[in-house]
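J.: Please work from the sequences and hints to get the whole structure.
Residue numbers (numbering that gives the first Met the number 0), protein chains in the order written: chain H, 0 to 230; chain E, 0 to 230.
No lab work stands behind these hints: they were computed from the structure.
No incorrect hints appear here.
Since the list gives no way to pick one copy over another, a pair counts as held whenever it fits inside one copy or between any two copies.
Each computed DSSO-like pair below joins lysine-lysine, with the alpha-carbon atoms no more than 27 Å apart:
{"no.": "1", "residue 1": "Lys-69", "residue 2": "Lys-197"}
{"no.": "2", "residue 1": "Lys-111", "residue 2": "Lys-16"}
{"no.": "3", "residue 1": "Lys-69", "residue 2": "Lys-177"}
{"no.": "4", "residue 1": "Lys-111", "residue 2": "Lys-34"}
{"no.": "5", "residue 1": "Lys-16", "residue 2": "Lys-80"}
{"no.": "6", "residue 1": "Lys-69", "residue 2": "Lys-80"}
{"no.": "7", "residue 1": "Lys-177", "residue 2": "Lys-209"}
{"no.": "8", "residue 1": "Lys-177", "residue 2": "Lys-197"}
For clarity, every value in this text was computed on a predicted model and none was experimentally measured.
So the chains spell out like this:
Number of protein chains: 2
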Amino acid sequence: MPMQTIRQILSITPLFKGLTPDQIDDITNIAVERKYRRGESIFMEGDEADGFYIVGDGQVKIFKTSLEGKEQILHIYGPGKPFGEVPVFSGSQFPANALALVASRILFLPRKAFVDLISRHPSLSMNMLGELSMRLREFTVQIENLSLKEVPSRLASYLIYLAREQGTDDRVTLDISKGQLASLLGTIPETLSRIFAKMTTQALIRVDGKQIHLLDAVGLEDLAAAGKLAE
Amino acid sequence: MPMQTIRQILSITPLFKGLTPDQIDDITNIAVERKYRRGESIFMEGDEADGFYIVGDGQVKIFKTSLEGKEQILHIYGPGKPFGEVPVFSGSQFPANALALVASRILFLPRKAFVDLISRHPSLSMNMLGELSMRLREFTVQIENLSLKEVPSRLASYLIYLAREQGTDDRVTLDISKGQLASLLGTIPETLSRIFAKMTTQALIRVDGKQIHLLDAVGLEDLAAAGKLAE
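T.: As structure tokens, this is what we get:
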């Protein structure tokens, strides 16, 4: 990827919104491109970190695993999303695993050079505070889902969230596999399939491959809030 | 509380570590003292936020509730800990509830004045980035616990965490009630009591009121990692 393209990616990364062209140049100068194959590990929990990453092209999952091999997805990120920043600002090790779900081009930003930049550019530090706060907000929702909601409610919440993200009312496109969706919602694929079937029978949704038609907005909102699917 | 005392609290708050006396003065000038009775709400999820808080004296719990009244504790904080910062940097509403567990003196820092300070003092923004990162790290552990670990394993992890926090090897002091501990670990008091009893029978711990003696460090580490309590 020529230098110009790294700069283009950085210019449309929300983390760098509002920065001047000179500031974007400074960041471009420290960014390093890395390529990953589908399924390739980017880092493992406990690895020493010397910087963080931004998705250029592709898709990355951030996840935890148990000793028995069970997996909990924390995030799935596409172009423009930063990941792995926690050890830039606290501790020195990555708190989770990162893996490329498809062939991906990733930008790496070395810790020391980035911290130098952030201390010179207050708007960059405000953007980073915004990014970390947004992630804390998402985690409180994920903890609420895992602890206080049943799986049908988590799925309804996720479909409503996707509809907002995709700017649609009556239809969403799943951009991850059903297996990954199960892991994101803290369940197993068999349970998720049963819930999809039951929600279809109850005319809440209609599944058409990767497209999910949302047939009953009020019913889905109720399910997301109350947590129980009628028998 | 006289002005001097607010300044003393701020001087020993880790968030403000490394700041100059002048910078601490600036923060003292914007801080407002508020008092809360035991059990009094500080803010509710969804409330509009116009600033964040620091525990002066007392103890605060940050938590989510379900429609059915089930509760999941996210954090329990004592003196020197900031809370409620998320809407200072993203969105405008608190993502969870905060309540004083005991009579508490709390410092309130108004959003706009604090953001002005942070953009003038890079070391303050680096400290805040460290604080939010540490909390992201804690949330990844909590999600892992809820999703991938059984309750005995969560309890063993928590006891090991407390021992590190309290700088002890063989004994920890619970600073929250058993009911709160159950909520923090995502379970109910009855289940927690059964697990305390079983771990006592297996000579992993001995419970003496608020004191928990850790009798078998290796056994506790194994339980924390592997997640199953032997039958």
